[in-house]
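With chain A held as given, fit chain B onto it using these hints.
One letter stands for each residue in the lines below.
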Amino acid sequence: MTIQLDHLVKKYGRQTVVNDVSLEIEQGELFVLLGASGSGKSTILRIIAGLTSLDSGSVQLNGRDVTRLSPQQRDTGFVFQNYSLFRHLNAAANIEFGLKVRKAHRKDRQARVTELLNMIGLDGLGGRMPAQLSGGQQQRVALARALAPNPSVLLLDEPFGALDVKIRGQLRHSLREIQQQLQITTILVTHDQEEAFELADRIGIIDRGVLLEVGTPAQLYRRPKHLYTANFLGTANVLNARRNGKTVYVGQVSLPAPSETEHLQNQDVHLVCRPEEIDLALEQELISGSLIGRGRISNITFAGSLERATVQLMDISAAKPLHVLLSPEKVRSLGAIPGQEVFVGIQDFHLLPFQEN
Amino acid sequence: MREIGPKNPLQILLILLVLAYAAALIIAPIYAISDGAIERGWQPIKDTLQDDGVQHALRITFEFSIIATLLNTVFGVIIAWVLARQRFYGRTLVNALVDIPFVFSPVIAGYTMIVLFGRNGWLEPTTFAIVFAYPGIILAKTFVALPFVSREVGPVLESLPIEPEEAAYTLGASRWSTFWQIVMPGIWVGVIYGVVLTLARSLGEFGAVAVVSGGIEGKTETATMYVYRALHDRNRIGAYSISLVLGAVSVLILLVMSLLKWRLDRQRG
Chain A
768 MTIQLDHLVK KYGRQTVVND VSLEIEQGEL FVLLGASGSG KSTILRIIAG LTSLDSGSVQ
828 LNGRDVTRLS PQQRDTGFVF QNYSLFRHLN AAANIEFGLK VRKAHRKDRQ ARVTELLNMI
888 GLDGLGGRMP AQLSGGQQQR VALARALAPN PSVLLLDEPF GALDVKIRGQ LRHSLREIQQ
948 QLQITTILVT HDQEEAFELA DRIGIIDRGV LLEVGTPAQL YRRPKHLYTA NFLGTANVLN
1008 ARRNGKTVYV GQVSLPAPSE TEHLQNQDVH LVCRPEEIDL ALEQELISGS LIGRGRISNI
1068 TFAGSLERAT VQLMDISAAK PLHVLLSPEK VRSLGAIPGQ EVFVGIQDFH LLPFQEN
Chain B
91 MREIGPKNPL QILLILLVLA YAAALIIAPI YAISDGAIER GWQPIKDTLQ DDGVQHALRI
151 TFEFSIIATL LNTVFGVIIA WVLARQRFYG RTLVNALVDI PFVFSPVIAG YTMIVLFGRN
211 GWLEPTTFAI VFAYPGIILA KTFVALPFVS REVGPVLESL PIEPEEAAYT LGASRWSTFW
271 QIVMPGIWVG VIYGVVLTLA RSLGEFGAVA VVSGGIEGKT ETATMYVYRA LHDRNRIGAY
331 SISLVLGAVS VLILLVMSLL KWRLDRQRG
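Sequence lines, in order, name chains A and B.
For the first sequence, position 54 (counting from the first letter as 1) is numbered 821 according to our numbering, and the numbering increases by one without interruption.
For the second sequence, position 260 (counting from the first letter as 1) is numbered 350 according to our numbering, and the numbering increases by one without interruption.
Any given hint could turn out to be false.
[Stated by the list, open to error] Computed beta-carbon distance windows for the label pairs:
hint	chain 1	residue 1	chain 2	residue 2	range
1	A	K870	B	Y201	51 to 61 Å
2	A	T1002	B	M274	43 to 53 Å
3	A	N829	B	P275	33 to 43 Å
4	A	K778	B	W270	32 to 42 Å
5	B	P119	A	R781	58 to 68 Å
6	B	M274	A	N998	40 to 50 Å
Treat the hints as calculated values from the structure; they're not laboratory data.
Small disclaimer: the values here were computed from a predicted structure and weren't measured.
Glycine included, C-beta positions come from ideal geometry on N, C-alpha and C.
Isolated chain A, as found in the complex (with noise of 0.2 Å):
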């Protein structure tokens, strides 16, 4: 276990941001904490790095307490999300700081600053101030200067978020081919879902000081544990549905229950369904997945390689308008246009236990 995180506190006067946190990453893994700002998200990782003390908790990075440490003492790379470069050095020489401090040899240094260099893909711009590299190169270095003294563990806080979409996709791609070659294990904190499916092996939701669950992007996309999770990572629709039996009642329409729900039994439950697992069909026969009942297309809008359209369920009352997805042959099979009545089926599901809002 490279970081063991336990029962971690942190309160700014009578607000807790962070609230009895434990989490334990693996070696060489790269974990994404995400949430919202001001989730306290931030505030763990600088806990992690010593730079914010701990009201109560324990933080063990390579089974070594470092909780009454210094930030010097700590073994990790941090990066930032304004590069915070050291503005008066070029980027050989910030790269070289770390290197300097632990007082390696002149040859070694230089060594090293090459071959990391390298390594982030700006070869013979070490002679260059910060205030000559662009963002995402200032930000390459910044990881460098990271690494340069080989921490035991990687933490970046919103490390992509002040750079354009496109130099955060290089960037996210550089950033994980960096950290699979090193097998550094790591620690990404974004409120960016799309940036953490991409880059995570595991996930862990962050919402207002607590880490509702831990998964693969994979796990928490489709079985989420907590409705803030099903909303947060992509669109969710979600119905009021009950459980009795192997089987799910929505409105008048029953449903087989999936299996990993057994828990649920006999009471009510959210239907969770994703957009691109909803099927919209002219004909009954023609659905995949379990018919749920007729609906009128109320709104389609263009999404670049798919369609979003908006179905309100007509058999069901008081249920909040589907978000479906369409690929354009469906939408040309369809014919689809506002007004338009369909039947509804869904493919896959998930339910969680109902809570009020």
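Then chain B, alone, in the frame of chain A:
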């Protein structure tokens, strides 16, 4: 660089106003001193400056002003750093207290020191004298110029992001070396300005030093006090000569520091 475009009459008027103001308040006195001093040629000035009393006054003025400036530079930077980077109970109060030397009359400051350190004072030292002696002069010069460095450095420090310092910590750098290697390069210009103002203020200080030193001729009499006494004694040449030296040094300091700042700015690109 801002573009210099055509100006409207109001702008021209304002510029002229600033020039006239500067001329009346700065250039005219400088001219008057220089002109008055050399009206009978350089010889009387040379003679005055070779006088033992004058040399002593000038020497202690410069020496003690430099000591006061060093003290204020070190403590000013520390004060600025603590106020900008640390959060503690009473910080606002300390922040306000730093400005006290600016609002205190120097004469009262000097008198306070006599009350504190003088005979039967609360903090009267037993082994050496402060009041009517050199330590009192240093103390007075230090006190009156105390806020300059911290007030110049503080805003610069506040405007610097804290993350580079934190990055240095995670890279293993101690607070001390982080300060020298990461913080200092960012606040140099502020420090330089603070030092210029502190040195100028210390050199020119009169009120507090006069009270606390007693102004003993040939002993605790500083340059400004010499000028004051010379004027009193209708020794115009003496007053002019020392004023000329002090004025020239002030201008020289300003030039050197401007040059330094210009070079630093150019290095940054």
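Cross-check of the supplied hints:
no. : hint                          : result
1   : K870/A to Y201/B: 51 to 61 Å  : 54 Å, holds
2   : T1002/A to M274/B: 43 to 53 Å : 51 Å, holds
3   : N829/A to P275/B: 33 to 43 Å  : 34 Å, holds
4   : K778/A to W270/B: 32 to 42 Å  : 34 Å, holds
5   : P119/B to R781/A: 58 to 68 Å  : 60 Å, holds
6   : M274/B to N998/A: 40 to 50 Å  : 49 Å, holds
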